[in-house]
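Asks: Here is how the chains run, residue by residue.
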Amino acid sequence: MFKFGTMEPERKRLKISDCDVDSWEVVPVLSDELSQDVELVDAFAAPILDKKQTSKLVQQLNTLHPLTSLAHLKRVRACKNKDSPHALEILICSVNDADEPCHFDCSNAGLGEPFAVKIPRTPPLTRRQFEQASEHWPTCFHEVKQVTAALRGELFNAKQKAQMRDYMMLAIDSAKAGKDLGMSAVGAVVVDPSSDKVIAVGHDCSKDHPLQHAVMVCIDLVAKSQGGGCYTYEKYPGCKFNSPDLENKTPQPYICTGYDLYVTKEPCVLCAMALVHSRIGRVFFGIRSEDGAMGTKFKIHTRKDLNHRFEVFKGVLARLPLISTELKVKRRRS
Amino acid sequence: MIAMGTEGVCGESFYPSDEEIKKWMDKAFDMAKDALENGEVPVGCLLIYNNEIIGKGRNEVNETKNASRHAEMVALDELRDWCELRGLEVKRVCEKTVLYVTVEPCIMCAAALRLFNLPVVVYGCRNDRFGGCGSVLDISSANLPQTGTMFKCVAGHRAEEAVEMLKIFYKQENPNGNPNKNDLLNYVTFLLL
Chain S
1 MFKFGTMEPE
11 RKRLKISDCD
21 VDSWEVVPVL
31 SDELSQDVEL
41 VDAFAAPILD
51 KKQTSKLVQQ
61 LNTLHPLTSL
71 AHLKRVRACK
81 NKDSPHALEI
91 LICSVNDADE
101 PCHFDCSNAG
111 LGEPFAVKIP
121 RTPPLTRRQF
131 EQASEHWPTC
141 FHEVKQVTAA
151 LRGELFNAKQ
161 KAQMRDYMML
171 AIDSAKAGKD
181 LGMSAVGAVV
191 VDPSSDKVIA
201 VGHDCSKDHP
211 LQHAVMVCID
221 LVAKSQGGGC
231 YTYEKYPGCK
241 FNSPDLENKT
251 PQPYICTGYD
261 LYVTKEPCVL
271 CAMALVHSRI
281 GRVFFGIRSE
291 DGAMGTKFKI
301 HTRKDLNHRF
311 EVFKGVLARL
321 PLISTELKVK
331 RRRS
Chain L
1 MIAMGTEGVC
11 GESFYPSDEE
21 IKKWMDKAFD
31 MAKDALENGE
41 VPVGCLLIYN
51 NEIIGKGRNE
61 VNETKNASRH
71 AEMVALDELR
81 DWCELRGLEV
91 KRVCEKTVLY
101 VTVEPCIMCA
111 AALRLFNLPV
121 VVYGCRNDRF
131 GGCGSVLDIS
141 SANLPQTGTM
151 FKCVAGHRAE
161 EAVEMLKIFY
171 KQENPNGNPN
181 KNDLLNYVTF
191 LLL
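Residue numbers (full-length UniProt numbering), protein chains in the order written: chain S, 1 to 334; chain L, 1 to 193.
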């Protein structure tokens, strides 16, 4: 058991502006399906010659070419070209649907010459995708407020960011302690956000054991805090744990369920998958790493084929020298 | 048997013979059977160097409350202790060590095997839930210059038996015949292997 000291002296040595909560942004690391551009497919559309026939045409086409997998699209759009004699255009079918010859007789039905358009294949999931999709064809959008806020960097207020900064400063202190022992300068902290209690602080120990990365150390320190664990850390004063209040805590903590991890650098495959197995709640990291598994090489936290997924945010204190120099050195080398 | 992996990465011609594979996989299956009889996860795992067992492991997640304590991770710790006791360099020993395991290593363990620079892994059945040697992700041959070295895989030795043991284990988990959704899903996943 130990007390986490205050971080005031440390912070004074650093440039105030780099710790300022306005100097860095917390950016979510989203799944590919949320972060990628809208996928477009080819389709046919035609101008509606007589506006009064619109609802009849929609009915006819819905029977002949239902938009089954394209339910996010509107059937009719206003003509983009202001000089066109026709006010409305109607979506006939996607090119895939037209593999069989299209039975719709455009000229008899009261449509003008059909033309090719690009339409979004799947419903937009973010406002950015919605805006991209809408440039091609009007699309329905069910906005998830939290995703939009996260993408704008508005998910966390200044007070929450100040708290993130304090936790990340603990991770940095531990990284420095590790560095003094000849380890890689990486540190991590596990926090119980329901009580704001720090459960574990650890740094990289891979010089002594190739798998003892800062995150792996923290996972074992959390196990220790629950009466388990399998390594000793007496040699490493920078690695410590705090037992949660087991008496009053219901339910009993189970591995890393509900806990937040703060780590100076993006976790590698080993650490990322260990966090999946440990059921971590959320992960906050400073800067990306070359073999990172939470955005750089893989996005292990978003995979639907794994049995646990979690939110990951990057950019915490990303401008601080200790966090950002190591990568710069590596970049220069490569 | 299907051999996978990337040529020319783990160097020269270090590769176990068919006899060695049979001998040590039989041993790994004996371990898995023992585990099953004791109500533990039926996975057998051995690290062999110079025709000698230098590490073995079984899943220790429950007793350590550390979800990373898979059989492979425990075996790698034994390997370190074995080297330390004999004053041998871990890296040198690992270059000539083969892992024999009844089920494909998970993504985490595959990364761990890379970080130990193990050249060859022989396994029984695929692991469709977590597999790191191709089933979910292929960590064994991924381009990860900061994460050790790639390794070769020899897959499929007594695969049906390995699946059968896992099926029995997951059935035992639900003695009431009232499986929760997850257990049922796991069971179905293994049926489909």
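The hints are simulated quantities; they were obtained by calculation from the structure and are not laboratory data. One or more of the hints may lead you astray.
Said to hold, decoys possible - Pairs of lysine to aspartate or glutamate residues, derived as EDC-like cross-links and limited to a Cα-Cα distance of at most 16 Å, are as follows:
#1 K159(S) with D22(S)
#2 K118(S) with E39(S)
#3 K91(L) with D208(S)
#4 K118(S) with E135(S)
#5 K80(S) with D22(S)
#6 K207(S) with E84(L)
#7 K207(S) with D77(L)
#8 K299(S) with D138(L)
As the list claims (entries may be wrong) - Which residues of chain S face chain L? A few of them, derived with a C-beta cut under 10 Å, are:
#9 K52
#10 Q53
#11 T54
#12 K56
#13 V58
#14 S134
#15 C140
#16 I219
#17 D220
#18 L270
#19 L275
#20 V276
Said to hold, decoys possible - Derived contacts from chain S toward chain L, CB cut-off under 8 Å, selection only:
#21 F115
#22 H136
#23 V147
#24 A150
#25 M216
#26 T232
#27 M273
#28 A274
#29 G281
#30 D291
#31 K297
Heads up, the beta-carbon is just placed ideally off N, CA and C, and yes, glycines get one too.
Asks: Confirm or reject each hint.
Replies: Hint check:
1. K159(S) with D22(S): holds, 11 Å
2. K118(S) with E39(S): holds, 10 Å
3. K91(L) with D208(S): OK: K91(L) and D208(S) at ~13 Å, within 16 Å.
4. K118(S) with E135(S): It holds: about 10 Å lies between the C-alpha atoms, which stays within 16 Å.
5. K80(S) with D22(S): Given pair K80(S), D22(S) is violated - Cα atoms ~41 Å apart, limit 16 Å.
6. K207(S) with E84(L): Roughly 15 Å separates the two Cα atoms, so the pair holds.
7. K207(S) with D77(L): holds, 15 Å
8. K299(S) with D138(L): Holds, at roughly 14 Å.
9. K52: violated, 53 Å
10. Q53: violated, 50 Å
11. T54: violated, 47 Å
12. K56: This interface hint is violated because 47 Å lies over the 10 Å limit.
13. V58: Since the shortest Cβ distance to chain L is 41 Å, the answer is violated.
14. S134: It is violated, given that the least Cβ distance between S134(S) and chain L is near 35 Å, above 10 Å.
15. C140: With a closest approach of 31 Å, the C140(S) hint is violated.
16. I219: holds, 6 Å
17. D220: holds, 5 Å
18. L270: This interface hint holds because 4 Å falls under the 10 Å limit.
19. L275: At about 9 Å, which falls below the 10 Å cut-off, the nearest Cβ of chain L leaves the hint on L275(S) intact, so it holds.
20. V276: Check passed: Cβ of V276(S) comes within 8 Å of chain L, closer than 10 Å.
21. F115: violated, 43 Å
22. H136: violated, 34 Å
23. V147: violated, 25 Å
24. A150: violated, 26 Å
25. M216: holds, 6 Å
26. T232: violated, 13 Å
27. M273: Holds, because the Cβ-Cβ distance from M273(S) to chain L comes to roughly 4 Å (cut-off 8 Å).
28. A274: holds, 4 Å
29. G281: At about 14 Å, which exceeds the 8 Å cut-off, the nearest Cβ of chain L leaves the hint on G281(S) violated.
30. D291: Holds. Min distance 4 Å.
31. K297: holds, 6 Å
Violated hints for the displayed structure, listed by number in ascending order: 5, 9, 10, 11, 12, 13, 14, 15, 21, 22, 23, 24, 26 and 29.
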